[in-house]
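4 protein chains.
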Amino acid sequence: MNVAVIGGSQCSQKAYSVAERLGELLAQEGWTVVCGGKSGVMEAVCKGAQEKGGRTVGILPEKDCSGANAFVEVKLPTGIGYARNVFVVRSAEHVIAIDGEYGTLSEIAFALSEGKTVYGIDTWDIEGVIHVPTPEDAIAAIQAQSKT
Amino acid sequence: MNVAVIGGSQCSQKAYSVAERLGELLAQEGWTVVCGGKSGVMEAVCKGAQEKGGRTVGILPEKDCSGANAFVEVKLPTGIGYARNVFVVRSAEHVIAIDGEYGTLSEIAFALSEGKTVYGIDTWDIEGVIHVPTPEDAIAAIQAQSKT
Amino acid sequence: MNVAVIGGSQCSQKAYSVAERLGELLAQEGWTVVCGGKSGVMEAVCKGAQEKGGRTVGILPEKDCSGANAFVEVKLPTGIGYARNVFVVRSAEHVIAIDGEYGTLSEIAFALSEGKTVYGIDTWDIEGVIHVPTPEDAIAAIQAQSKT
Amino acid sequence: MNVAVIGGSQCSQKAYSVAERLGELLAQEGWTVVCGGKSGVMEAVCKGAQEKGGRTVGILPEKDCSGANAFVEVKLPTGIGYARNVFVVRSAEHVIAIDGEYGTLSEIAFALSEGKTVYGIDTWDIEGVIHVPTPEDAIAAIQAQSKT
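Chains as they are written, first to last, in our numbering: chain A, 1 to 148; chain B, 1 to 148; chain H, 1 to 148; chain D, 1 to 148.
What the hints contain is simulated information worked out from the structure, not anything from laboratory work. The beta-carbon is built from N, C-alpha and C at its ideal position, and this holds for glycine as well. Please note that a few of the clues may not be correct.
[Claimed, not checked] Taking lysine-lysine pairs in the BS3-like style, the calculated list, with each CA pair at most 25 Å apart, reads:
1. B:Lys47 with A:Lys63
2. B:Lys47 with B:Lys14
3. B:Lys63 with H:Lys147
4. A:Lys116 with B:Lys52
5. D:Lys63 with B:Lys63
6. B:Lys147 with H:Lys63
7. B:Lys52 with B:Lys14
8. B:Lys52 with B:Lys63
9. H:Lys63 with B:Lys63
10. D:Lys147 with H:Lys116
11. A:Lys63 with A:Lys47
12. H:Lys47 with H:Lys63
13. D:Lys63 with A:Lys116
14. H:Lys63 with A:Lys63
15. H:Lys52 with B:Lys52
16. D:Lys116 with D:Lys147
17. B:Lys63 with H:Lys116
18. A:Lys63 with D:Lys14
19. D:Lys116 with H:Lys63
[Said to hold, decoys possible] Some but not every residue of chain H turned toward chain B, in silico, with C-beta under 8 Å:
20. Gln13
21. Leu76
22. Gly79
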């Protein structure tokens, strides 16, 4: 199962730690991390996942892989810039947002418009986002949702 | 010059009237209305523009034109669903949002992430959106921006 | 009705003349020309159409309109490079290919894979393309097809 | 490194065997197979790769994973139909075509228009495609190209 993790390419140290921890947990569940493949939150979640042997996918805005963070295992260049955001969302059953700027907001909104559940940790306060305090809570919420 | 007008496929009568008035004004400026081609705000802005002889373009989610509103002159099917939102935004120099739900929010955020100015009338209260009270104010703001 | 006209951005004088004549005829039918908005065949068909008061749409590879030919009325930047080829094809009920290189071939093949009829004038000799000698024949063939 | 393997969703037993063997070889090189994720050649190359412990990615036309073949490890739904072909090509440094119909031809042509080398085994006879008789030759050609 794919889980999209979205968040800004620039982030606070706190958000980085949260994302890294989330990556570890996703890997332990055996879930694949799909993200935009860049720095910040995307790097952190890939780093955490890779440390636990998890699978990481980066859907890149550029035409080549040179801008990918060091922890993306499967690098997918698209050459369509930030329009690739819609494909990050489309690729996953569940979406978790951490922190983030306008790009993240576009992904949150697109996910909600497609009827996907979005879990948020310290991110945009948009109606419809299920805010959770920790990565552990996000995992628990997805587990509960997957059972129904 | 293209102006993207974004807003929900379902809207209040008030939003419909505002969008229709905006369409009239855009047509009078000689600007092309680009939208998602569906009902609600999209229909209203096309209706207003067409009544004043303006040009209207609808970038459609479906593979055919059957779902376009009656006032779209240039119908462009895409077959990519709501992912077409990114192309509505990409096609225009300026973006005006009226009312709207998640789809509109995704377009607002995507436009801001691409560095485009977004004018908003009774829409999502997102930092970065320049809120204007009336269609006339939106036109004036774009005119002022285009001069700089 | 939209007719996509596809062909290379560099073309012979003969292909240019054919495309220009095709543009005139499409305009006289009241059909909208959709193309990639660039030079060569795309420029010629827009030129012909515009001279007869027809409507021309250019789906551009770039993020802005600066690379459009002078005869595109509705300019739609996409920022996705040649991946925009699929949207040129998706936007039209009928496809006419003139001359062309690999980009044109990709559009021919994509159109055929989507079940669309492709008429060809001095273009790639691919099984499934209906080759016609002149623009007049292409128009006649589309008229015949539209009646069925 | 990603290698895109393209070919029809329906194929002969011979093409299936060739694709399966190619998958084995790609896996042994440590290269990731990217494909359209469906049946026929796509299934065969994933099967071969997975049997040798290789990584397989399927960029799917649908919005969900239900249509993926059984040997795709990383399933990426797109919801854009065959327009996903351009992303299969964009994602890879090298492209190998086996057999195939119009979809495959669109990918071959798109790859060539993007300046990518296409190796072909019993596929469309298009100028620019480097035809090789066996999967082993395709691997050798990519190795030679990667060294330059």
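These are the hints, each one checked on the structure:
1. Restraint check: the Cα-Cα separation between B:Lys47 and A:Lys63 comes to about 40 Å, which exceeds 25 Å; the hinted pair is violated.
2. At most 25 Å may separate the alpha-carbon atoms for a hinted pair to count; B:Lys47 and B:Lys14 meet this at roughly 15 Å.
3. With a C-alpha separation of about 21 Å, the suggested pair B:Lys63 and H:Lys147 falls inside the 25 Å cut-off, and the hint holds.
4. Straight-line distance between C-alpha atoms of A:Lys116 and B:Lys52 comes to about 40 Å, which puts the hinted pair past the 25 Å bound.
5. Between D:Lys63 and B:Lys63, the direct Cα distance comes to roughly 15 Å. Compliance with the 25 Å bound is thereby established for this hinted pair.
6. The suggested pairing of B:Lys147 with H:Lys63 holds, with an alpha-carbon distance near 21 Å, which does not exceed 25 Å.
7. For the hint pairing B:Lys52 with B:Lys14, the CA-to-CA distance comes to about 20 Å; that is within 25 Å, so the pair holds.
8. A C-alpha spacing of about 29 Å is found between B:Lys52 and B:Lys63, which places the hinted pair above 25 Å, so the restraint is violated.
9. For the given pair, H:Lys63 sits about 23 Å from B:Lys63 by alpha-carbon distance, which is consistent with the 25 Å threshold.
10. The suggested pairing of D:Lys147 with H:Lys116 is violated, with an alpha-carbon distance near 42 Å, which exceeds 25 Å.
11. Of the pairs offered as hints, the one joining A:Lys63 and A:Lys47 holds, with about 23 Å between alpha carbons and a cut-off of 25 Å not exceeded.
12. About 23 Å separates the Cα atoms of H:Lys47 and H:Lys63, which keeps this hinted pair within 25 Å; it holds.
13. At most 25 Å may separate the alpha-carbon atoms for a hinted pair to count; D:Lys63 and A:Lys116 meet this at roughly 12 Å.
14. Between H:Lys63 and A:Lys63 the alpha-carbon distance is near 15 Å, which keeps this suggested pair within the 25 Å criterion.
15. Under the criterion of a C-alpha separation no larger than 25 Å, the hint pairing H:Lys52 with B:Lys52 is consistent with the structure, at around 23 Å.
16. Among the hinted pairs, D:Lys116 with D:Lys147 is consistent with the structure: their alpha-carbon atoms are about 16 Å apart, no more than 25 Å.
17. For the suggested pair B:Lys63 and H:Lys116, the alpha carbons sit about 12 Å apart, so the restraint of at most 25 Å is met.
18. Annotation: proposed proximity of A:Lys63 to D:Lys14 is violated, straight-line Cα distance about 34 Å (limit 25 Å).
19. Between the alpha carbons of D:Lys116 and H:Lys63 the distance comes to roughly 23 Å, so the proposed pair stays at or under 25 Å and holds.
20. The closest approach between the C-beta of H:Gln13 and any C-beta of chain B is roughly 30 Å, which is over the 8 Å cut-off, so the hint fails.
21. About 4 Å separates the beta-carbon of H:Leu76 from the nearest beta-carbon of chain B, less than 8 Å, and the hint is met.
22. Proximity of H:Gly79 to chain B holds as hinted, the smallest CB-CB distance being about 5 Å (cut-off 8 Å).
Of the numbered hints given earlier, the model fails hints 1, 4, 8, 10, 18, 20; all others are met.
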